[in-house]
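Keeping their order, the protein sequence lines are chains X, U, E and H. Quick note: to get my numbering, add 40 to the position in the first sequence (first position is 1). Quick note: to get my numbering, add 236 to the position in the second sequence (first position is 1). Quick note: to get my numbering, add 8 to the position in the third sequence (first position is 1). Quick note: to get my numbering, add 42 to the position in the fourth sequence (first position is 1).
Among these hints, one or two may not hold up.
Said to hold, decoys possible - According to the in silico footprint, chain E covers these stretches of chain X (three or more CB under 8 Å from chain E):
1. 56–68
2. 89–102
3. 115–128
Said to hold, decoys possible - Cut-off 20 Å, straight-line C-alpha distance, at most; resulting in silico cross-link-like pairs (EDC-like, lysine to aspartate or glutamate):
4. U/K320 with U/E332
5. X/K104 with H/D112
6. E/K88 with E/D40
7. X/K79 with E/D70
8. X/K79 with X/D69
9. U/K320 with H/D93
10. E/K88 with H/D112
None of these hints come from the bench; they were simulated from the model. What you are looking at is a predicted structure, and each value in this text was computed from that prediction instead of being measured. Ideal Cβ placement from N, Cα and C applies to all residues, glycine included.
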Amino acid sequence: MLEWLSLALLAVGAFFFLAGTVGLLRFPDVYCRLHALAKADNLGLGFILLGLAVQADSLAAALKLLLIWPLVLAASAGVGFAIARRAHALGIAPWRKEAE
Amino acid sequence: MTSGLLFALVGAALFALGVAGVVLIDHLLRRILAFNLMGSGAFLVLVGLAQRNGVPDPVPQAMVLTGIVVAVAATALALALTRKLHALTGRLDLPEDADD
Amino acid sequence: MTSVFALAIALFLLVNLVVALLAAARGPTPADRMLMALLFGTTGTAVLVLLAAAGGGTPLVDVALVLALLAAIGGIAFAKRAWQGEEGGDA
Amino acid sequence: MTLAFDLLLALALLWSAWRTLAAPRLDRAIVLFIAFGLLMALAWARLAAPDIGLAEAAIGAGLTGALLLDAYGVLQRRRDRP
Numbered sequence: 041m042l043e044w045l046s047l048a049l050l051a052v053g054a055f056f057f058l059a060g061t062v063g064l065l066r067f068p069d070v071y072c073r074l075h076a077l078a079k080a081d082n083l084g085l086g087f088i089l090l091g092l093a094v095q096a097d098s099l100a101a102a103l104k105l106l107l108i109w110p111l112v113l114a115a116s117a118g119v120g121f122a123i124a125r126r127a128h129a130l131g132i133a134p135w136r137k138e139a140e
Numbered sequence: 237m238t239s240g241l242l243f244a245l246v247g248a249a250l251f252a253l254g255v256a257g258v259v260l261i262d263h264l265l266r267r268i269l270a271f272n273l274m275g276s277g278a279f280l281v282l283v284g285l286a287q288r289n290g291v292p293d294p295v296p297q298a299m300v301l302t303g304i305v306v307a308v309a310a311t312a313l314a315l316a317l318t319r320k321l322h323a324l325t326g327r328l329d330l331p332e333d334a335d336d
Numbered sequence: 009m010t011s012v013f014a015l016a017i018a019l020f021l022l023v024n025l026v027v028a029l030l031a032a033a034r035g036p037t038p039a040d041r042m043l044m045a046l047l048f049g050t051t052g053t054a055v056l057v058l059l060a061a062a063g064g065g066t067p068l069v070d071v072a073l074v075l076a077l078l079a080a081i082g083g084i085a086f087a088k089r090a091w092q093g094e095e096g097g098d099a
Numbered sequence: 043m044t045l046a047f048d049l050l051l052a053l054a055l056l057w058s059a060w061r062t063l064a065a066p067r068l069d070r071a072i073v074l075f076i077a078f079g080l081l082m083a084l085a086w087a088r089l090a091a092p093d094i095g096l097a098e099a100a101i102g103a104g105l106t107g108a109l110l111l112d113a114y115g116v117l118q119r120r121r122d123r124p
């Protein structure tokens, strides 16, 4: 039972990584691509770490796996903020759908 | 073919690529990149060939660990010299020796 | 069974990473290519954790931790020091 | 499946190294070099050398990339305002 839960979580994480990559390739401007990158960072890695932690040998190993996740959250938030602010300072306008 | 042998072959190819880059490219920053690729190839050969019957040999691993740290120190020194050269002369390649 | 599945997911993520690498080599603006490098950092972390579960041993989890933290430094250095415009020149 | 993983990793290493040297623009070459350092960390993990992988992840993916990007930014700023 626990094994099936783990497999399902791993598959969901892999799906989010695929979605993040496709979004990074297809989205029109820097701000949208940052959004896609944050999805891959936070949800994809989070689900994969959760899927491996539910079948870890000991509580300490599971906690160590789950420790990676808040660190990645903090790092990704910092990088996303820095890049978006720099793009704004450089005067890159956000993408808008063309008015009909 | 074991993975050690495969990565040793890749390391040999990387070393050849790096040597070609160091010799043929004039731009100094690109030459530093080629130098780093060359070093990575040598490290891969050392560690890849040191696996006998699936048991890794610790001595080349310790040497490669030292080598990585030395490589990053050399890269930092080379970058500082490149910046100084650019500040003093405004060029990013080494002058040719005419009288030699 | 789980270790085989973990290895399969790791292989899938590596294919994902190679596709992103091919795209990063011809991205239109500097920011795109840097975001690709950041995506490599996260995907590499996931691959390392999966390899640790697939028989690589727990030390690989430490490598994944360090990679997760230090891949962000490149992004910060890019935003603060290197990014000069939409399409910077070749120095 | 392990062999497929190794082969794909080896091909990605060689391709990124070649594109690093052949890229037409310098910032592209630096980003590809950062990706190359990351792939090297994965290769060390496959070679059962996690201690080298630790050093490579810290230095190859983090420190060297930041140094190169910093030098690139300085050179570009100096070229824009001579």
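To see whether the hints hold, each was checked on the structure:
no.	hint	in the structure
1	56–68	holds (count 6)
2	89–102	holds (count 4)
3	115–128	holds (count 9)
4	U/K320 with U/E332	holds (18 Å)
5	X/K104 with H/D112	violated (33 Å)
6	E/K88 with E/D40	holds (16 Å)
7	X/K79 with E/D70	violated (23 Å)
8	X/K79 with X/D69	holds (16 Å)
9	U/K320 with H/D93	violated (35 Å)
10	E/K88 with H/D112	holds (9 Å)
Violation of the numbered hints given earlier is confined to hints 5, 7, 9; the remaining hints are satisfied by the structure.
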